[in-house]
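> Protein sequences appear in the order of chains A and B. Residue numbers 1 to 688, in the numbering used here, belong to the letters of the first sequence in order. Residue numbers 1 to 158, in the numbering used here, belong to the letters of the second sequence in order.
Be aware that a few hints might be false.
[Claimed, not checked] Below are the DSSO-like pairs computed for lysine-lysine, each with C-alpha atoms no more than 30 Å apart in a straight line: (1) Lys4/B / Lys145/B; (2) Lys276/A / Lys145/B; (3) Lys117/B / Lys520/A.
[Claimed, not checked] Derived, one-sided and incomplete: chain B residues facing chain A with beta-carbon distance under 7 Å: (4) Gln12; (5) Ile14; (6) Cys16; (7) Ala21.
Honestly, the hints are just simulated from the structure, not real lab data. Note that beta-carbon positions come from the ideal geometry of N, C-alpha and C, so glycine has one too.
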Amino acid sequence: MTSFHEVQSICPYCAEGCGFYTQVEQGKASNIEYMKKHPVNEGGLCLKGNAVLDIIYHENRIYSPLAKKDGNTFDNISWDEAINAIVSNFKKILKKHGPGSLAFLTSARCTNEENYLFQKLARIIGTNNVDCTSFYEGNLNIVDFSTSFGSACATNPLSDLANSECILISGSNFTDNHPIVSHWVFEAKSRGARIIYIDHRVPSSLLICDHFLQVNPGTQAVLIDGMIIHILEKNLYNKQFIEERTSGFEVLQKSLRKQSLKQVEKISGIPVAKIKEVAEIYASSSTSAIIHCTDFNPQHGNSKGTTNPANLALLCGHIGRTGTGIFPLLEHNNAQGSYDMGVSPHLLPGRAGVKDDIQQKKIAKLWHIKNLPSKGGLSFPEMTKALKRHRIKALYIMESNPLEEHAHADQLKHALKGLEFLLVQDNFLTETAKQADIVLPAVSWAEKTGTYTNTERRVQLQPRIINPQQHTIPNWQVMCDIAKKLGFKKQFSFSNTENILKEITKAVPAYTGISATRVKRTEGIIWPCPTPKHPGTSILYTEHFHTPDGLGKLSPVFYEKKAEKPTQKYPFRLTFGKAPTFYSAAITHLEIKSSTPASSELFVEINPKDAKKINIQNQSEVKISTRLGNVKATACITEKVLPGVVFIPFLPASNNGKILSSVDPRAKIPELNAATCQVKGSGGKQGD
Amino acid sequence: MISKVLSINIDQCIACQACEAACEREHGGISHIFVTPINDKYSIPLSCLHCGKSPCVDVCPTKALEKTSHGAVIFHKIRCIGCRLCVIVCPFGVIQIDEGNTVLKCDSCANRLKKGKDPACVLTCPTKALVYEKSAKITSRTRKKRALKTKHKETKKG
Numbered sequence: 001m002t003s004f005h006e007v008q009s010i011c012p013y014c015a016e017g018c019g020f021y022t023q024v025e026q027g028k029a030s031n032i033e034y035m036k037k038h039p040v041n042e043g044g045l046c047l048k049g050n051a052v053l054d055i056i057y058h059e060n061r062i063y064s065p066l067a068k069k070d071g072n073t074f075d076n077i078s079w080d081e082a083i084n085a086i087v088s089n090f091k092k093i094l095k096k097h098g099p100g101s102l103a104f105l106t107s108a109r110c111t112n113e114e115n116y117l118f119q120k121l122a123r124i125i126g127t128n129n130v131d132c133t134s135f136y137e138g139n140l141n142i143v144d145f146s147t148s149f150g151s152a153c154a155t156n157p158l159s160d161l162a163n164s165e166c167i168l169i170s171g172s173n174f175t176d177n178h179p180i181v182s183h184w185v186f187e188a189k190s191r192g193a194r195i196i197y198i199d200h201r202v203p204s205s206l207l208i209c210d211h212f213l214q215v216n217p218g219t220q221a222v223l224i225d226g227m228i229i230h231i232l233e234k235n236l237y238n239k240q241f242i243e244e245r246t247s248g249f250e251v252l253q254k255s256l257r258k259q260s261l262k263q264v265e266k267i268s269g270i271p272v273a274k275i276k277e278v279a280e281i282y283a284s285s286s287t288s289a290i291i292h293c294t295d296f297n298p299q300h301g302n303s304k305g306t307t308n309p310a311n312l313a314l315l316c317g318h319i320g321r322t323g324t325g326i327f328p329l330l331e332h333n334n335a336q337g338s339y340d341m342g343v344s345p346h347l348l349p350g351r352a353g354v355k356d357d358i359q360q361k362k363i364a365k366l367w368h369i370k371n372l373p374s375k376g377g378l379s380f381p382e383m384t385k386a387l388k389r390h391r392i393k394a395l396y397i398m399e400s401n402p403l404e405e406h407a408h409a410d411q412l413k414h415a416l417k418g419l420e421f422l423l424v425q426d427n428f429l430t431e432t433a434k435q436a437d438i439v440l441p442a443v444s445w446a447e448k449t450g451t452y453t454n455t456e457r458r459v460q461l462q463p464r465i466i467n468p469q470q471h472t473i474p475n476w477q478v479m480c481d482i483a484k485k486l487g488f489k490k491q492f493s494f495s496n497t498e499n500i501l502k503e504i505t506k507a508v509p510a511y512t513g514i515s516a517t518r519v520k521r522t523e524g525i526i527w528p529c530p531t532p533k534h535p536g537t538s539i540l541y542t543e544h545f546h547t548p549d550g551l552g553k554l555s556p557v558f559y560e561k562k563a564e565k566p567t568q569k570y571p572f573r574l575t576f577g578k579a580p581t582f583y584s585a586a587i588t589h590l591e592i593k594s595s596t597p598a599s600s601e602l603f604v605e606i607n608p609k610d611a612k613k614i615n616i617q618n619q620s621e622v623k624i625s626t627r628l629g630n631v632k633a634t635a636c637i638t639e640k641v642l643p644g645v646v647f648i649p650f651l652p653a654s655n656n657g658k659i660l661s662s663v664d665p666r667a668k669i670p671e672l673n674a675a676t677c678q679v680k681g682s683g684g685k686q687g688d
Numbered sequence: 001m002i003s004k005v006l007s008i009n010i011d012q013c014i015a016c017q018a019c020e021a022a023c024e025r026e027h028g029g030i031s032h033i034f035v036t037p038i039n040d041k042y043s044i045p046l047s048c049l050h051c052g053k054s055p056c057v058d059v060c061p062t063k064a065l066e067k068t069s070h071g072a073v074i075f076h077k078i079r080c081i082g083c084r085l086c087v088i089v090c091p092f093g094v095i096q097i098d099e100g101n102t103v104l105k106c107d108s109c110a111n112r113l114k115k116g117k118d119p120a121c122v123l124t125c126p127t128k129a130l131v132y133e134k135s136a137k138i139t140s141r142t143r144k145k146r147a148l149k150t151k152h153k154e155t156k157k158g
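Working from the sequences, and respecting the hints, build out all of it.
Listed below in structure tokens is the structure:
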């Protein structure tokens, strides 16, 4: 029998950050084993988690730097040649057009160390044009919390959900996307908690909730406002908490005075009595928590999709204690960490604004430079526009595949052609990489050493499991090589990832007490961790909020825009969500095995009543058209969706991209839950 | 004597298919457990139930299927003639036969049990809908749950 050893590992897919062991046999990752003692998942792993090893030895991985020859063909080149070509291109463009002509895009799948270096490289070159593509799939649902609470993150650890007496789930399809969260919800339920589930689509198990409120698409926030109205009317709010811990109560009260529950019923489709019932349950339980997720965020007429739940929690004082709080479920494994690292055109490491003098000086000193660029940079959607106007000349993309993962893929693809130089670093020759002038092979998760911060703010270490395969070099080393040749030797002389983490702890206040040795432990460390002895802070805001005045801010929500209304030509509301087999590009290259053969095809869910009306059969091919384009899908007739509503999963984005348009004005997230569409059987009669 | 059995907390299955993925991984790419939708809303993960009076064992002409003293129905490949009788009689449709005429069914992760590890589908289950425990423990938990529910209903009313 061959011997193997087990290495503690963190799942590289979603932001739950589940732990498991990878078994290594003769230098190869051979199998996985469950880690029963992990604080997030207690051994459990979802479909994706069971397939973590597939990506490591995937036959489509690239192992050598590539240079574009002509059109679509590439030549293998050496690392030296590649780095030299990159540096000379960057230098040339910098000289001719200045640092503002460079842009940097990364992914929330990269480690804290990688993303920290990535934004450092951009800023040292002299631009804030650095962003994370993963933030634009609804992942920015944490941003509004910085206004309400002072920090943009979840408040309590997932396991604390078990201590809740009431859990309000809003727009979060977590049974599909974050299955491990279900464990804690069931745990709470078995202890007698009441679960309220608000979504426009029936979850895969209705047994998870006591009250299911099937709202009209994109109206969850309005429904929550309805709950707030009732709580205010009946004086069910926590008066002491409001007096001592919050600000803005009167303004909120005033803003909602004009609205009535009848109106809320009309918009959301939920009867007044039901709204009152769930509002009373949430407000009167001694501990209530709120879970919300991607689906919740991008919706019409209300770009502040997360302000309403924050208001609700503050109003009832259900925050800052065990069993309470808000749990935004992020999508990618390191979404929270990437945000903390300052991968943002407007935020420096430590989540201070790029114009914040104090943090700017601190970072400049740490990086041995005179000053940082103080002009805000371009966000990913803005970059697309700037690309079209040829204002960006060079783009560096790390482990991100916007052409396959995002809306507007066609426009972006066209815009990329105007670049003088495109550098892509990835595991695969993705659609995006195919457009590049130079492609660098990235190492997979198992070949990296680094830390990830999960959706609970838990910083965990992923030690290197196997050596980088063939000729690959870890991303951080590649970035250091490029930076050194650009003349930033002093700033990028790291000998290992531990050194980078040390610098992170100096740059990001919440990470101060974190060290490689400390995050090695199975339970990691939950930031804020201000000193090396500090145990970490699992529950935030126990005494005060992180706002300047220490108070939680209740802010009224205004509904500015009107949703695209169904018309005779486009009679259906088109809604999107994540299905487990449509995770992201990492998976599109994997084709996760599944016993349901149809699951990897694009499908569209439609209510039986509508299907009958427009005369389409189950499993038949249909065409979905919006004002912007169309896509073919297999019809799935189900009562999961309301009449008048159709649902399609995210991705393959190259398809979705064709039928989406507008971008949410605040978070700049493609607006997904607001379009109207037409569904037509292929060859059949058009419905009206 | 049966030590532990596979059981399902039926109300906790979210049809995430993690058990199928885990079973595939443990059994060379073929899953012996099937997340079976009952209706639009509910599903159950179904695998060999290792029936007390196993029809598959009864009909097997070559004793390729055997009921062990531990209560598991196990398969001996060497004795199998690929007659498919077991597939025909299995009331749950959880016995498959591959192209090489080999019977594929849940072996309770015998390889894992030998090392003291629970079956893969049980450990991977995100919601602990699948459990591997002594029968008495399972039933007592169900009773406890029931009691809690009744109690909770009463408090709600009161």
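> Next item in the hint list is Gln12/B. Is there a CB on chain A closer than 7 Å to its CB?
5 Å, holds
> Would the hint linking Lys117/B and Lys520/A be met if the CA-CA limit is 30 Å?
Answer holds: Lys117/B to Lys520/A is near 25 Å, not above 30 Å.
> For the restraint on Cys16/B, tell me whether the closest CB of chain A is nearer than 7 Å.
4 Å, holds
> Just to be careful: measuring from the Cβ of Ala21/B to every Cβ in chain A, is the smallest value less than 7 Å?
4 Å, holds
> If you draw a straight line from the CA of Lys4/B to the CA of Lys145/B, is it 30 Å or shorter?
Given that 30 Å is the threshold and the Cα spacing comes to 20 Å, the pair holds.
> Should the hint that Ile14/B touches chain A count as held when the rule is a Cβ pair under 7 Å?
4 Å, holds
> When you check the alpha-carbon spacing of Lys276/A and Lys145/B, does it fall within 30 Å?
Holds. Lys276/A to Lys145/B sits at ~29 Å (cutoff 30 Å).
This entry satisfies every hint, going by the numbered hints stated previously.
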